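Peer 1: Read top to bottom, the protein sequences are chains A and B.
Position 152 of the first sequence, counted from 1, bears residue number 152 in my numbering, the numbering being contiguous throughout.
To convert a position in the second sequence, counted from 1, into my numbering, add 1000.
Source of the hints: derived by calculation from the structure; they are not laboratory data.
The model shown is predicted, which means the values in this text are computed figures rather than measured ones.
One or more hints might be untrue.
Stated by the list, open to error - Residues from chain A shown here face chain B by an in silico Cβ test under 7 angstroms; the list is partial: (1) Ser56; (2) Gly61; (3) Thr64; (4) Leu95; (5) Phe111; (6) Asp131; (7) Glu147.
Stated by the list, open to error - Just a sample of chain B residues kept apart from chain A, beta carbon distances all over 12 angstroms, derived: (8) Asn1044; (9) His1051; (10) Ile1054; (11) Glu1060; (12) Lys1077; (13) Arg1087.
Each residue gets a CB set at the ideal place from its N, CA and C atoms; glycine is no exception.
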Amino acid sequence: MSDITQKKMEQIAQMWNARGKGLITHMALEIEEVSTEGVRVRMPFNPDFCVDAKQSLLHGGILTALLDSVFGLANFVAIEGVSTMATLDLRVDYLRPARSRADVIVQAYCFRKTRHIAFNSGSVWFAGHEDAEIARGTASFALTRGETSLFDAMTKGKTS
Amino acid sequence: MDVQTVNANVSRVPFFRFLNFEVRSLDSLHAEAEMTFDDRHIGNPIMEYYHGGIIASFMEATAAIAVQPDFADVPAKPINLTVDYLRPGVKGPLFARANVTRKGKRMASVSVLSWQTDREKAVAEGLYHFLLV
């Protein structure tokens, strides 16, 4: 399964750390598994992402944001030589109320890549409850390929 | 339902505070809101563009308010969404206008448009469904 190179794994870790700010940093995402078959990421529980006063029900939007982010990572892993990537469209089905204070797990993969477009699919569940999917998403991304790779752009001159 | 009361409801929702937006206008079929840019909204740290998920979340929040501005505990229950990303959301305020296209007894369909400086140049367009029971 894991036919991904050590170099790619190091690049991903560096790129993730180089962000320093923004939503992905705020979500405190942890990569659990990476292979060309797909990626699995964990998002720790965060009360900021809830809708209720008791803070135990996640807003759907954060699950959408999570899927969008992890699709991007899945594409970076699956496709060589991408210079930029932009979400073209995104569809998310909320399958159950996201009521739990458990960590959230996302599994996503790129099921088709062409020169210009990548197609993604992914599922979301609470850690330990893989049988009770809370959301499922599909997206397409517009890719540009060029001299400057996404990795170079993300890590160049970034120290923070 | 006046805008002030709705914004008081909005400020009680932790995730709405995270998004940091205010409802600007409201009637029985529409809601319009403005979100203030923050570093935690960034998706592309080099260009400092909004994260697509933040744009979709803000549009979902505006749609839920258009459907149920008088929500007591939690906002209207979302079923699903589709978003088209048309332009990058750059650093600065982001606006959203939600139109309730159909509101039945059990379900509602809402279309949402989001833009920045020019309403004619949409950043994203979305379709959201809500369960009202």
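Peer 1: Run every hint past the structure and note whether it holds.
Peer 2: Here is what the structure says about each hint:
| no. | hint | verdict |
| --- | --- | --- |
| 1 | Ser56 | violated (11 angstroms) |
| 2 | Gly61 | holds (3 angstroms) |
| 3 | Thr64 | holds (5 angstroms) |
| 4 | Leu95 | violated (9 angstroms) |
| 5 | Phe111 | violated (18 angstroms) |
| 6 | Asp131 | violated (21 angstroms) |
| 7 | Glu147 | violated (16 angstroms) |
| 8 | Asn1044 | violated (8 angstroms) |
| 9 | His1051 | violated (4 angstroms) |
| 10 | Ile1054 | violated (6 angstroms) |
| 11 | Glu1060 | violated (5 angstroms) |
| 12 | Lys1077 | violated (7 angstroms) |
| 13 | Arg1087 | violated (10 angstroms) |
Checked against the numbered hints above, the structure breaks hints 1, 4, 5, 6, 7, 8, 9, 10, 11, 12 and 13 and satisfies the rest.
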